[in-house]
Amino acid sequence: MRHRLYPLSDLEDIPGTTVFTARRSRQAYHLHKFCMSLMEAANREAFKADERAYLDRFRMSEEQKQAVLERDFPRLIDLGGNIYFLVKLSNTDGWSAQRAVSSMTGMTPDEYADMMSAGGRSPEGLKSIREQQQREFGGEGK
Amino acid sequence: MRHRLYPLSDLEDIPGTTVFTARRSRQAYHLHKFCMSLMEAANREAFKADERAYLDRFRMSEEQKQAVLERDFPRLIDLGGNIYFLVKLSNTDGWSAQRAVSSMTGMTPDEYADMMSAGGRSPEGLKSIREQQQREFGGEGK
Amino acid sequence: MARITAGIGTSHVPAIGAAIDLGRTADDYWAPVFAGYEFVKAWVKDNTPDVVILCYNDHASAMMLDIVPTFAIGFAEEFEPADEGWGPRPVPTVIGHPDLAGHIAEQLVIDEFDITIMNDIAVDHGLTVPLSLVFGQPEEWPCKVIPLAVNVTQFPTPSAERCWKLGEAIRDAVECYPEDIEVQVWGTGGMSHQLQGPRAGLIAPEFDNAFLERLAAGPDGTSELRGITRLDFLREAGTEGIELIMWLIMRAAMGPNVDELHRFYHVPASNTAVGHVVMKPKAQFRHKLGEVEARKATAA
Amino acid sequence: MARITAGIGTSHVPAIGAAIDLGRTADDYWAPVFAGYEFVKAWVKDNTPDVVILCYNDHASAMMLDIVPTFAIGFAEEFEPADEGWGPRPVPTVIGHPDLAGHIAEQLVIDEFDITIMNDIAVDHGLTVPLSLVFGQPEEWPCKVIPLAVNVTQFPTPSAERCWKLGEAIRDAVECYPEDIEVQVWGTGGMSHQLQGPRAGLIAPEFDNAFLERLAAGPDGTSELRGITRLDFLREAGTEGIELIMWLIMRAAMGPNVDELHRFYHVPASNTAVGHVVMKPKAQFRHKLGEVEARKATAA
Ligand SMILES: [Fe+3]
Ligand SMILES: [Fe+3]
Chain V
1 MRHRLYPLSD
11 LEDIPGTTVF
21 TARRSRQAYH
31 LHKFCMSLME
41 AANREAFKAD
51 ERAYLDRFRM
61 SEEQKQAVLE
71 RDFPRLIDLG
81 GNIYFLVKLS
91 NTDGWSAQRA
101 VSSMTGMTPD
111 EYADMMSAGG
121 RSPEGLKSIR
131 EQQQREFGGE
141 GK
Chain X
1001 MRHRLYPLSD
1011 LEDIPGTTVF
1021 TARRSRQAYH
1031 LHKFCMSLME
1041 AANREAFKAD
1051 ERAYLDRFRM
1061 SEEQKQAVLE
1071 RDFPRLIDLG
1081 GNIYFLVKLS
1091 NTDGWSAQRA
1101 VSSMTGMTPD
1111 EYADMMSAGG
1121 RSPEGLKSIR
1131 EQQQREFGGE
1141 GK
Chain A
2001 MARITAGIGT
2011 SHVPAIGAAI
2021 DLGRTADDYW
2031 APVFAGYEFV
2041 KAWVKDNTPD
2051 VVILCYNDHA
2061 SAMMLDIVPT
2071 FAIGFAEEFE
2081 PADEGWGPRP
2091 VPTVIGHPDL
2101 AGHIAEQLVI
2111 DEFDITIMND
2121 IAVDHGLTVP
2131 LSLVFGQPEE
2141 WPCKVIPLAV
2151 NVTQFPTPSA
2161 ERCWKLGEAI
2171 RDAVECYPED
2181 IEVQVWGTGG
2191 MSHQLQGPRA
2201 GLIAPEFDNA
2211 FLERLAAGPD
2221 GTSELRGITR
2231 LDFLREAGTE
2241 GIELIMWLIM
2251 RAAMGPNVDE
2261 LHRFYHVPAS
2271 NTAVGHVVMK
2281 PKAQFRHKLG
2291 EVEARKATAA
Chain U
3001 MARITAGIGT
3011 SHVPAIGAAI
3021 DLGRTADDYW
3031 APVFAGYEFV
3041 KAWVKDNTPD
3051 VVILCYNDHA
3061 SAMMLDIVPT
3071 FAIGFAEEFE
3081 PADEGWGPRP
3091 VPTVIGHPDL
3101 AGHIAEQLVI
3111 DEFDITIMND
3121 IAVDHGLTVP
3131 LSLVFGQPEE
3141 WPCKVIPLAV
3151 NVTQFPTPSA
3161 ERCWKLGEAI
3171 RDAVECYPED
3181 IEVQVWGTGG
3191 MSHQLQGPRA
3201 GLIAPEFDNA
3211 FLERLAAGPD
3221 GTSELRGITR
3231 LDFLREAGTE
3241 GIELIMWLIM
3251 RAAMGPNVDE
3261 LHRFYHVPAS
3271 NTAVGHVVMK
3281 PKAQFRHKLG
3291 EVEARKATAA
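Chains as they are written, first to last, in my numbering: chain V, 1 to 142; chain X, 1001 to 1142; chain A, 2001 to 2300; chain U, 3001 to 3300.
Only chain V is shown next, with the shape it has when bound in the complex (with noise of 0.2 Å):
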């Protein structure tokens, strides 16, 4: 076994980040299964035709089909998901990538257009929950 560079855990310590391990991946298979078959223009329209029933078509579990009718992007991550597959849904929509990864910020997708023409969100203090917490309890951890 190779010399570990860093705690695999230091994966989980990157703010508002969420790392898609192969235990996730697994988890939303058959989610990310629902995503790829909107590859086919025939799929799309009996998905659009009734979404219900097309998800139903998949062993995905019923908090993930909710989440998919809701557009719930921040729980469709939280319960496996990974951005490739999702944008195979927000494209059927006629969504933009943009309005898409908007919708996980909090923010309105015209003031996350403005953030991102300003420049983008900065890394300067987003890049360690550790960090950050001992910055929140003043530096006594030192």
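Keep in mind the hints are simulated off the structure, nothing from the lab. None of these values were measured; they are calculated from a predicted model. Misleading hints may appear alongside valid ones.
Stated by the list, open to error - Over the 12 Å line for every Cβ pair with chain X, so calculated as not near, a few chain A residues:
hint: 1; residue: Asp2046
hint: 2; residue: Thr2048
hint: 3; residue: Pro2156
hint: 4; residue: Asp2172
hint: 5; residue: Leu2202
hint: 6; residue: Arg2214
Stated by the list, open to error - With a straight-line cut-off of 35 Å between C-alpha atoms, the simulated DSBU-like cross-links for lysine-lysine are:
hint: 7; chain 1: V; residue 1: Lys48; chain 2: X; residue 2: Lys1033
hint: 8; chain 1: V; residue 1: Lys33; chain 2: X; residue 2: Lys1033
hint: 9; chain 1: V; residue 1: Lys33; chain 2: X; residue 2: Lys1127
Just so you know, even glycine gets a beta-carbon here, dropped at the ideal spot from N, CA and C.
Position chains X, A and U with the ligands relative to chain V; hints supplied.
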């Protein structure tokens, strides 16, 4: 690039043996697509009902189609085929793997079965075409 | 922590599966083959692992056409027996262990193996015949199985040395899995056989027995096996004899020394020489740190 | 013998493809992005290669669900543009080069890369947007393309160091291909961006510009890039900023030193920082034998 342990051309030096390379795999892609289609019962039925019509669904060469119709396994190997794909065809015919394999040896199925029961074919003298040729020409090459 | 408790090597001839499925194991032709598996069937009753990592090759059943991975690990919850042209074998669905499979895949990528994860594969005789040989005909398989498929067909196949290193990395990965479970590693395929061309029917007992002998030995014997080239395998053991590289993954996962509990060799089953071994890692004070350091140095 | 004549790095933002397909390249928003590609569009007219080895990542269009390969090489005669949910992009079919792809796959397996061969894949914006950016909107693409897909999404992704070694091995493989053809290697994806969660919209110009600076440098600069961990990429450049590992494959394929012909950086395109470089291997007396020996020593 790592040190090569032997020239790749040596793979052609084994008597009565065709190595399944990337190039052959490409050559036989559509032949093999046909073979793998026989992994579904409905396709096996369709094939048995009208072999030629079924074969015409695939982008195989005419030579490959003829060799399938004639169950000419040596020819199919020549045309890029690999036995792991081709047994899907002999299995569909209800042949044992031993019968399919024996059909490439110029022996009858019974002769071949007897050879196997007696311990199989010895590799001695069958390891190298170059060596065979040297022996044939009286070892002058020494 | 998880432990590798034993290794099994065995041929996986499809005709053996058919003999089991059709109730012909007592036939004159088949009885001597199955006699060689009486030991393992009794032994495994007291040595059923929680999980088998089963190294096999797919025979153009689920891979090899549109996708040809060098090493693929099965990551599904279940794997159905493949229909190889005569209907699927009447054997239980194979139940996977996605959590351990995911862990192993992660460790292997960190160790610079370029693994392919398969979330949906049917498993063919290469995987199910060994299960039948060891566990018989139960309603359900008595343990979970992680399929590990190796390309042995489309050239170039991974080298013996690469397979050895993979086995070492699998051992390291299992040993850092946090759950306390018992894991066996099986290597299947071989022994000598050739299924194509005028040289079909080739059987090489000398090669096979030397292979078995070295497999049971310590590092001196196994280092000779690691040096067998793809060309050697084809020349000496037939185009399909190269399946023996999967036994090297199993053997490497045992560590440097083993106790061989059982060895069996028989010719023929259909077109093939049948080999079978059962082995356990030798109890030892493993200089674990030193060993890991040494391997790290070569991994650049 | 075949030669690697140049390398191109570029972002492959899907919205850039849409802007091209919908004729919006002169819009206020888009004009500054496309201005950065005027150089390459003129330059490539006199520098069209025979084949591009195009390193990209599939965005859950042809892989990532049932099959997740670490490194996959496209081995088909042709590759159709994928339908990513809005219909396929109106671009020409991509024509492969199976012979060179097979040669490279063979060399890579011999060099202990566990490559997956893909005989049938649709290619998504990760591959087609760079083609559009460089070649515009022709009736047919002016050269063959070998897709080389890298897993950058499901953890663990291959390390920066592993990608670097892959690039070196690709260079060696191309240089021993017997036909006298010109080959470019392209690395696509990035630069900094994050497409998920409350941190979405992250852009890191400092990180990006340091990356570009070191990419153009000799071994001192590039060795720093090889040491960036997966965690570093995620923290500093966003969950999708890790796509930059594909630029390292391209860069390594250039050899130790390069001449940078063009560099461009712009924020934003949709959610992403856009980066683009054109480089050539530096003319040099390559101590070829010594170099190969040195690498062999580390390959164990
Ligand atoms: Fe086999
Ligand atoms: Fe991308």
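We went through each hint and held it up to the structure:
{"no.": "1", "hint": "Asp2046", "verdict": "35 Å, holds"}
{"no.": "2", "hint": "Thr2048", "verdict": "31 Å, holds"}
{"no.": "3", "hint": "Pro2156", "verdict": "8 Å, violated"}
{"no.": "4", "hint": "Asp2172", "verdict": "24 Å, holds"}
{"no.": "5", "hint": "Leu2202", "verdict": "5 Å, violated"}
{"no.": "6", "hint": "Arg2214", "verdict": "18 Å, holds"}
{"no.": "7", "hint": "V:Lys48 / X:Lys1033", "verdict": "34 Å, holds"}
{"no.": "8", "hint": "V:Lys33 / X:Lys1033", "verdict": "24 Å, holds"}
{"no.": "9", "hint": "V:Lys33 / X:Lys1127", "verdict": "49 Å, violated"}
In this structure, the earlier hints numbered 3, 5, 9 are contradicted, and the remaining ones agree with it.
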